[in-house]
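Student: So you can see what is in the structure, the chains are spelled out below.
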Amino acid sequence: MAVRARPLTLSSARLSAARRRWWRQAFEGWLFIAPVMIGVLAFYFVPIVVSLYVSLTNWDGLTTADWVGLRNYERLFTRDRYFRDSLRNTLFYVVGHIPLTIGLALILALLCNRKVRGVIWFRTAFFIPVITNVVAISLVWSFFFAPRSGTLNWFLSLFGIGGPSWLSNSQWAMPAVIIVSVWFGVGFPMIILLAGLQGIPEMYYDAAKIDGASAWARFRYVTLPLLTPALFFLSITQFISSFQVFGIIYVLTGGGPANATSVYIYYIYQNAFQNSRMGYASAMAWILFAVIATITFVQWKLQKRWVVYD
Amino acid sequence: MARLSRPLAGRGSPRPARTAVQFRRLAVDLVFYAVMTALALAFLAPLLWMVTASLKPEYLVLSVPPDFLPRHFEWANYAEVFNIIPVFLYNSFKLAFLTVGGVLFVNSLAAYAFARLDFPGRDLAFSVLLATLMVPGIVTLIPLYIIYKNIGWIDTHYPLWVPKVLHSVTACFLLRQFFKQIPQELEDAARIDGASTFQIYWRIMLPQVRPALAAVGIFAFLDSWNDLFGPLIFLNTLELQTLPVALKLFQGEFFSQVNVLMAGATVTIVPVLIIFFVAQKYFIQGITMTGIK
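Listed in order, the protein sequences are those of chains G and C.
Its first residue numbered 1, the first sequence is counted upward by one per residue in my numbering.
Its first residue numbered 1, the second sequence is counted upward by one per residue in my numbering.
Since the hints were derived computationally from the structure, they do not count as laboratory data.
Hints are not guaranteed to be accurate.
Said to hold, decoys possible - Looking from chain C toward chain G, a few residues come up when the C-beta cut is under 8 Å (computed): (1) L130; (2) M134; (3) I146; (4) I154; (5) T197.
Ideal placement from N, C-alpha and C gives every residue a C-beta, glycine not left out.
So here's chain G without its partners, still in its complex pose:
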């Protein structure tokens, strides 16, 4: 950049050389990032503008679109019972999925952090579900949940518990979905927390031991505070992703029974691609964005209260 500031006092030959170099750098840089920037424009900014417009129309994807202003939004909030159902179901899912996933991930990470032989194999076992295919594995789980022949109810019967008919019972379908989602999703936060644990210097624990801190006190006052940055990252990403759960529900329950697992994205999918209500579905997508953005913002603001940065 210094090259650019000097040219005024230089000879014209060197001035043009410096200018040429500046142009060349600019040209090269933008050439390198051109594909990515074209991608952002074509697959992000253009669709967003289109989406805003479509959400204000009653477009069905085929015929011409009529401008309906904010009526899509108005109808969603005042007259659509299924929209309210989908909100309630999503909330149920989020409230069940996030604490269970992060809690179990923390326990598994603490267990895997023990420096003993063979622990890496356990870590691998806990992580493997993450990479499996959601369709294939949800099909497997659908047989696990079978009321009579299913493995889960057989397992419960060993303890004298009569399991419910999971997927065909509107009270138990969502817990079943949450069980699969926790099984499926715990490996990723576990790895993040494990990395966090391994980043805590050993001397903190030594110092705590000298001060006579019990194992619980060491966890509560050394481990947990130092994990808060990782937990903060996880709470943000888990909120964003669990509001968008789709695959497990598409395969396992199809939104049923009696609409009990029709979550937000599933209802968008039905509106847009099964009932061709593109405008209506786009309005829903924007409401989701507003919800996610608000929650992320609030979490960001609240982080000062509980996240410890050393």
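Given the structure of chain G, go ahead and fit chain C onto it with the hints provided.
Tutor: Just chain C, lined up with the frame of chain G:
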């Protein structure tokens, strides 16, 4: 207390004290391994069940109590699956290779520029790129469907790999982090030797970030292989469908038998498992890089 008394006890009667400590340690280890094994089995049970079910005759699949060990191997299930799936397997592999190759080239090129080149507008462009992570994918999905429809991309494979290649922000971000760590001297030496910027990127810098390329490549493979929404929405013709989605669509039709369906599920998961075990190190490294930095 135990620790303090050990040297004293060591002089008089060393044996009992040491065995007591050893015994306690052994007990802790045993409990630890027992708990971990139980947990690991719980996590692996669905996969074990899938593989064994795929090797059973149909009348034994849904037996109670569940039987995790097949008595004789019914390989005919796989023969049946491979009568149906080659075209879907081909589609899945084709899309995965296009995605991985494209993501690696396009994003390493951009990441190199963002990390190492100095040009006007660079930081602004990068912030714009990162900002796009905020909007959930569903917002752009419906308009993309409309756009693809207008340019004739519906019912082709383009929507399933071109956007993934050109708009893969996390890949770009991760690679940029790695490029930033390479010492400047390496680049300067090459420049003095008269190498062009592209040559420096291709010959000098790219080999330096191989672990990152491996991680990003695996992520891209998984992203493509396990994609559900894309194939479901953008494809109509069955012959174009990917393996997982075909599995679901055909659930009742070609895969009416549970054992054959499970053979199909196994074939869907095995390629990913192989890649995972080959490159687990890079994979875990990649996750912690995105999570911590």
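Student: Tell me the numbers of any earlier hints that the structure contravenes, in ascending order.
Tutor: Violated hints (numbers, rising): 1, 4; every other hint is consistent with the structure.
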